[in-house]
Every structure is written in C-alpha cells, then in structure tokens.
Amino acid sequence: MLDESTAVNDFDALNELVVNCPDLLEIESLIGGFNLFSVLGFEYGEIRHSNALAWLFDPKGSHGLGSSFLQRWLMTVFHETDADSEITPVDIDCWDLLDVEIHREWKHIDLLFVIEFTNRSKWIVSIENKVGTKQHGNQLRRYREMVEQSFPEADKKIYIFLTKDEEDPDDDSYICATYGQVHDCLKASRDSNLHLIGQEPRVLIDNYLRLLEEKFMNESEI
Numbered sequence: 001m002l003d004e005s006t007a008v009n010d011f012d013a014l015n016e017l018v019v020n021c022p023d024l025l026e027i028e029s030l031i032g033g034f035n036l037f038s039v040l041g042f043e044y045g046e047i048r049h050s051n052a053l054a055w056l057f058d059p060k061g062s063h064g065l066g067s068s069f070l071q072r073w074l075m076t077v078f079h080e081t082d083a084d085s086e087i088t089p090v091d092i093d094c095w096d097l098l099d100v101e102i103h104r105e106w107k108h109i110d111l112l113f114v115i116e117f118t119n120r121s122k123w124i125v126s127i128e129n130k131v132g133t134k135q136h137g138n139q140l141r142r143y144r145e146m147v148e149q150s151f152p153e154a155d156k157k158i159y160i161f162l163t164k165d166e167e168d169p170d171d172d173s174y175i176c177a178t179y180g181q182v183h184d185c186l187k188a189s190r191d192s193n194l195h196l197i198g199q200e201p202r203v204l205i206d207n208y209l210r211l212l213e214e215k216f217m218n219e220s221e222i
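If you count the sequence shown from 1, position 159 lands on 159 in the numbering used here, and the numbers rise without skipping.
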C-alpha cells in the first residue's frame, strides 16, 4: 500500500493535472461536447451515413457547399488510388456540370450519382458503403452488372467501395475510398464555403465531422 506522504503527493499531482493542464482541457473540449448524431444513435448505421452523404454530395442540397464537396472528394479518391484509371483529378477539376441526380438504394446500390455535363456527356458513379458489415455474395459484381446494363449510353462508369476499415473490394472494377477522405474533403469544403453555409447546416456539418473524427479515424486530432 502507498504510504501517506506518497498518497498526498499523488493527490496533489492529480489536482494540478485537472486544474492546470492545457492538453487535458483541449481533450475535454474535443470529446465532451454535444453531438446530434451520437444522440440519435447514428455512429455505425450504414443507411444513416448514406443518407447524410447523399445530402452532402448533392450540389442542390441545402448545405451551401454546392458541388465543391462532391468534386473535391472524387478528385481525392482518384488521386490517392493505386488502381489504374483513365479518369484523372484534372478531368474532375475542369468539369462543367449541368446536373447531378443523387439516388439512394437504387436497385439496392447504396448511392448512385448520374452526373451530366454541358457537353452532354454523362458519368455514372456507383458507391457501395460499408460501415459495420462486410461485402458478401458477389454483391459488388452484381451491382456493377446492373449499372452496365441500365446505363449503356454513359461515357464513364465509376465504381467506388467506401469503407470504414479500408476493406479491399472483391471486384477489381471498384476503387477504394475511406471515411478519412470523406472527413478531410468535407472539412476543406466547409472551410472554403463558410460564407455560404447557413447556421443550421453548419451545425449538422460540424457534428458529422466530429463524429467521423471520434469514431472513424485512427489518426485524427482527437
């Protein structure tokens, strides 16, 4: 057992820590705040994350980000992938959008984007989102085949496998993407569009970024 003088010294040191340690105060400020998504049990629900992303990716959404988040995220995914692709970040940076349709659960695909450009070309982006489950039953191949059959006229068909734990896709046509990329691109888009984002959307975006930092990122500030 500790002798009395050691116990007193330890207690004094603990008091000093909680009163005068700026690092501890910073940690408490980062993790101790209210988070709407945590209150709603949002953390690991794939459907809920897909719904949030559908709103954030939609250039016509009420968030005030325009197309900047969608564009920045796709540029990052293609820049950081090891897979061969004929699409480059420069292609995405230079695009001239006409319209973007965001579909949820289209033929069981988590997210499907129909992107049209002013030159009348069309891209299809199919995203399979995995947060707490694993791929199964050749679902990636089946989803790809459905897209190919349904959009034969599309100039580009892009298949993205978005995961929390960087799981490798079992279909080589898919490009890997991570929630760390989602976080970084959303944060950068928020910061560059602060003058366009309303108070309520800003709260939602900030809460979602906090959730990703706390639950999805191994090397976050938290």
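Among the hints, a few may not be true.
Stated by the list, open to error - Label-pair ranges, simulated between beta-carbon atoms:
#	residue 1	residue 2	range
1	Lys60	Arg120	12 to 22 angstroms
2	Ala83	Gln149	33 to 43 angstroms
3	Pro152	His108	12 to 22 angstroms
4	Glu145	Asn119	40 to 50 angstroms
5	Glu214	Gly66	43 to 53 angstroms
Claimed, not checked - Once the Cα atoms are required to be at most 25 angstroms apart in a straight line, the calculated BS3-like pairs of lysine-lysine come out as:
#	residue 1	residue 2
6	Lys156	Lys60
7	Lys215	Lys134
8	Lys134	Lys107
9	Lys107	Lys157
10	Lys156	Lys130
11	Lys164	Lys134
12	Lys60	Lys107
13	Lys130	Lys157
14	Lys157	Lys134
15	Lys215	Lys157
16	Lys122	Lys156
17	Lys122	Lys157
18	Lys164	Lys122
19	Lys122	Lys60
20	Lys130	Lys107
21	Lys164	Lys107
22	Lys187	Lys164
Read the hints as simulated data drawn from the structure, not as lab findings.
From a predicted model like this one, the values you see are computed outputs, not experimental measurements.
Beta carbons are placed, not taken as given, at the ideal position from N, Cα and C, and that holds for glycine.
For Glu214 and Gly66, compare the CB-CB distance with the range 43 to 53 angstroms and indicate the outcome. 27 angstroms, violated
Is 40 to 50 angstroms right for how far apart the beta carbons of Glu145 and Asn119 are? 28 angstroms, violated
Given the hint that Lys164 pairs with Lys107, does the C-alpha gap stay at or below 25 angstroms? 23 angstroms, holds
Hinted pair Lys134 and Lys107, Cα distance within 25 angstroms: OK: Lys134 and Lys107 at ~19 angstroms, within 25 angstroms.
What's the verdict on Lys215 and Lys157, does the C-alpha distance respect the 25 angstroms limit or exceed it? 31 angstroms, violated
Does Lys130 sit within 25 angstroms of Lys156, going by the straight-line distance between their CA atoms? 23 angstroms, holds
Using the Cβ atoms, figure out if Ala83 sits within 33 to 43 angstroms of Gln149. 23 angstroms, violated
What's the verdict on Lys164 and Lys134, does the C-alpha distance respect the 25 angstroms limit or exceed it? Cα-Cα ~11 angstroms, so holds.
Given pair status - Lys157, Lys130, alpha carbons within 25 angstroms: Roughly 20 angstroms between the alpha carbons, so the hint for Lys130 and Lys157 holds.
Hint check for His108 and Pro152 - Cβ pair distance inside 12 to 22 angstroms: 20 angstroms, holds
Given the proposed pairing of Lys122 with Lys60, does the C-alpha separation stay at or below 25 angstroms? 18 angstroms, holds
Please work out if Lys157 and Lys134 have their alpha carbons no farther apart than 25 angstroms. With Cα atoms ~23 angstroms apart, Lys157 and Lys134 stay inside 25 angstroms; holds.
Checked against the numbered hints given earlier, the structure breaks hints 2, 4, 5, 15 and 18 and satisfies all the rest.
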